[in-house]
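Visitor: Chains as they are written, first to last, in this note's numbering: chain A, 3 to 251; chain B, 7 to 663.
Rather than coming from a laboratory, the hints here were simulated on the basis of the structure.
Careful, some of the hints might be misleading.
[To be verified] In the SDA-like style, the derived pairs of lysine to any residue whose C-alpha atoms are separated by at most 25 Å in a straight line are:
1. Lys80(A) - Glu413(B)
2. Lys28(B) - Glu132(B)
3. Lys80(A) - Ile410(B)
4. Lys372(B) - Lys18(A)
5. Lys567(B) - Arg556(B)
6. Lys28(B) - Tyr437(B)
7. Lys18(A) - Asn572(B)
8. Lys55(B) - Asn497(B)
9. Lys80(A) - Asn402(B)
10. Lys80(A) - Asn4(A)
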Amino acid sequence: MNITLRVWRQRDAADKGRMVTYHVEGISPDMSFLEVLDMLNERLTMEGEDPIAFDSDCREGICGACGLVINGLAHGPKQMVTTCQLHMRSFNDGDVIDVEPFRAEPFTVIRDLVVDRSSFDRIIQAGGYISVNTGAAPDAHAIPVPREDAQDAFDAAACISCGACVAACPNGSASLFLGAKIAHLGKLPQGQPERHSRALRMTAQHDHEGFGGCTQIGECEAVCPKGIPLSVISQTNADVLGALAHGGK
Amino acid sequence: MTITESTQSEYYTLGAPIADEKAPAGPINERWDTRRFEAKLVNPANRRKMSIIMVGTGLAGASAAATLGEAGYHVKTFCYQDSPRRAHSIAAQGGINAAKNYRNDGDSIERLFFDTVKGGDYRARESNVYRLSQVSVEIIDQCVAQGVPFAREYGGLLDNRSFGGVQVSRTFYARGQTGQQLLLGAYQAMERQIDAGTVEMFSRHEMLDLIVIDGRARGIVARDLVTGEIQTHMADAVVLASGGYGNVFFLSTNAMGSNVTATWKAHRKGAYFGNPCYTQIHPTCIPVSGANQSKLTLMSESLRNDGRIWVPKKAGDERRPQDIPEDERDYYLERRYPAFGNLVPRDVASRAAKAVCDEGRGVGPKVDGVARGVYLDFADAIARLGRDAVEAKYGNLFDMYEQITGENPYEMPMRIYPAVHYTMGGLWVDYDLQSTIPGLFVTGEANFSDHGANRLGASALMQGLADGYFVLPPTLAHYLADNSLDPVDENHPEARATKDAVVEQIDTLLSIDGERTVDSFHRELGEIMWEYCGMERTAEGLTKAIGQIRALREEFWRNVKVPGTNNEFNQSLERAGRVADFLELGELMCIDALHREESCGGHFRAEYQTEDGEALRDDENFAYVAAWEYTGAGAKPVLHKEDLEYEYVEMKQRSYK
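Work the whole structure out from these sequences, hints included.
Guide: Structure, rendered in structure tokens:
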């Protein structure tokens, strides 16, 4: 296959940035999209050009490091996969493909396709945990958890923190990411004591980072590679309202 | 002169024996309690004044950082990824072992201990493995309390499954994403400490050297990967939880960034490297599809329960699998191992696949002229159980396979091939997890300690969390309480010299401006390692590999091309430093494999096998840990032997007949 890539190039946060066109030949349909970028980077290096910077690590869809907007879609045209799992057989010979970073105000571009997602870590710091010190745990069977609750908690906990939800949202909201953690911990008996304070603190941090509000458009759910359902956002709203009804405690 | 003696004189020298002096004497089930009781404590008020550097934020690093932060120490944590939650522990699928005996099926701490020592082919330290089994029970409690959503039964209690051929069900799991959920538990506990101000996080930072002052680990030099700034961080102790080195093979199931730099730089500064040649090669991975492949993906081993493995009888048979009649297929595992068939142990299955592909009978696309794949066929299982039953059992794995290969395994047999998965070797540590450099501790896959020559399934997660949550915190506290350390700062001559050396190496890498990319060297090194230090090793091949690696390393430092500058986000530069270290490690792995004239676990020397092709150990001469001392670039390493004694488990030939 021969493909034309139009790639966002930006030297650093201060640079304005631009799309640059590259023709890549000799692509096998079995190659992953990121392997095409690898191949192009080998060529650019030998030609004395700077290779294209992009994040990726596990390359099996679980670490959440990779994430590109491909032809306008976060993680590209296939549903329920991350960028690293996208293979060239999803494209046609001769295609022109636009490649851009995950854009949002809090996601500052570090270089080319690499953005700063440290705001996600700070949202977790604001209560995205259960406060239990090492050694203080009771026996694992002390509190039974209904099977369905455990499964619901797992479904929300499957979030990989990639940021596709933010990139897809017209409001630049991280509500799906936020709601995934609130729903995960809020579904479990261990998460109940801090349920209200967690929802309030994490939501405040989300807003403080500059993410927008949720207007239930649903683009986030459509691009989420792990299928996190929109209902986790309702859970956030319910927990925040519950907390306010308790006087914000 | 025997082979051993000639190898010794040419490739290494023999040093004084080494021994673990920290495990207390007495009955094995009391040793950890005794050690904890004898360990000195640090007054809570003093902890705030003590600082610890943690390199790596996977299970072993994040769990330790959280626990030490909770205790009140000042912890500085480093990871090369953009977030600590991306460490490669996250990719572990299967589960975590613990001797809870919730199934009442006869499990116990003793049985987990026994299984692990035997599984490691009698090359692990008994005291450490026993402690691991004891602590396993507490890990599950801790994770449940953190909100890890383990699989549960209808009654609300935790579910278990069996794993890797053991006779009990002791594996706890969270669908096929156990590593992810355990890591998020540890990550969240650590983020809580960041919020509390005890842990300071340095993401997108990479440790590039260890600072040793007066013989003690006192800090690191790290590069800020965004700005390129070279920083000096000082502390009272340093912990390396930086994972394994499987990426020396270029293609592996490790993450793209997984590397050996932290442990290798510590090795160069005096930490002995234990059993570097012990590598685990997993039989069921998706094969390489082309010359541009960047990494390999594991498919759960459970598929071998129902899939039948075969290749065509005739070499070069390029017919579609469904066009090859039954009597022209070779179900080679069933033929060679009628008792165990497709369920032979990992190492045997892996070697057999390599052998048939070497004969030209491999299937799938050719890479460099050879097809490296074998069929894993579910046609019989679908005929026997029905498609629905097969889908219920393996549906998610079939989907994943189809996503990567574009082939539907319900209609076409899967193609699989072995791949590098885990490294049992690592920095040598004593019972306290302290390396041969005082003040330098090593946890998780980065150390060598608990798996011997072969790791059992679902034991890596157990070890990472055991080290981080429960073992390291008391032993590290003892070190801090037992030693009065002079304050040092970044202007100490040793700190400055270390930083200068790091800057010099970066300048050199950037100035060579040769004709080959970093990746091309990495790929070539990987090919050498895979060919000669992979599934099957011989003295002849290893000798050849050492020569080739030396030549490649020499070329690297003369002909590598690293674009850009230091003062920017420069991924080529990051990789160049890592590959430079792999080029040194690879040679030591080959020397270790060459000197170990026996087969054990994941180390298979073709010259030493039983009539059935099983690993043939030589307990008389090789029941020891090989701890290697670095003596300088290109100089012969020194071998220190730690004799292994088995007081509780009887050494036997592993058998699966």
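Visitor: Are the hints correct? Go through all of them and say.
Guide: Verification of the hints:
1. Distance hint between Lys80(A) and Glu413(B) is fulfilled; the C-alpha atoms sit about 16 Å from each other, no more than 25 Å.
2. Restraint check for Lys28(B) and Glu132(B): the C-alpha separation of about 13 Å stays at or below 25 Å, so the hint holds.
3. With a CA separation close to 12 Å, the supplied pair Lys80(A) and Ile410(B) stays within the 25 Å bound.
4. At most 25 Å may separate the alpha-carbon atoms for a hinted pair to count; Lys372(B) and Lys18(A) exceed this at roughly 45 Å.
5. Between Lys567(B) and Arg556(B) the alpha-carbon distance is near 19 Å, which keeps this suggested pair within the 25 Å criterion.
6. With a C-alpha separation of about 5 Å, the suggested pair Lys28(B) and Tyr437(B) falls inside the 25 Å cut-off, and the hint holds.
7. The hinted pair formed by Lys18(A) and Asn572(B) meets the criterion: a straight-line CA distance of about 22 Å does not exceed 25 Å.
8. For the hint pairing Lys55(B) with Asn497(B), the CA-to-CA distance comes to about 20 Å; that is within 25 Å, so the pair holds.
9. Distance check on the hinted pair: Lys80(A) and Asn402(B) sit about 17 Å apart at the alpha-carbon level, within 25 Å; holds.
10. Distance restraint check for Lys80(A) and Asn4(A): the Cα-Cα separation of roughly 20 Å lies within the 25 Å cut-off, and the hinted pair is therefore satisfied.
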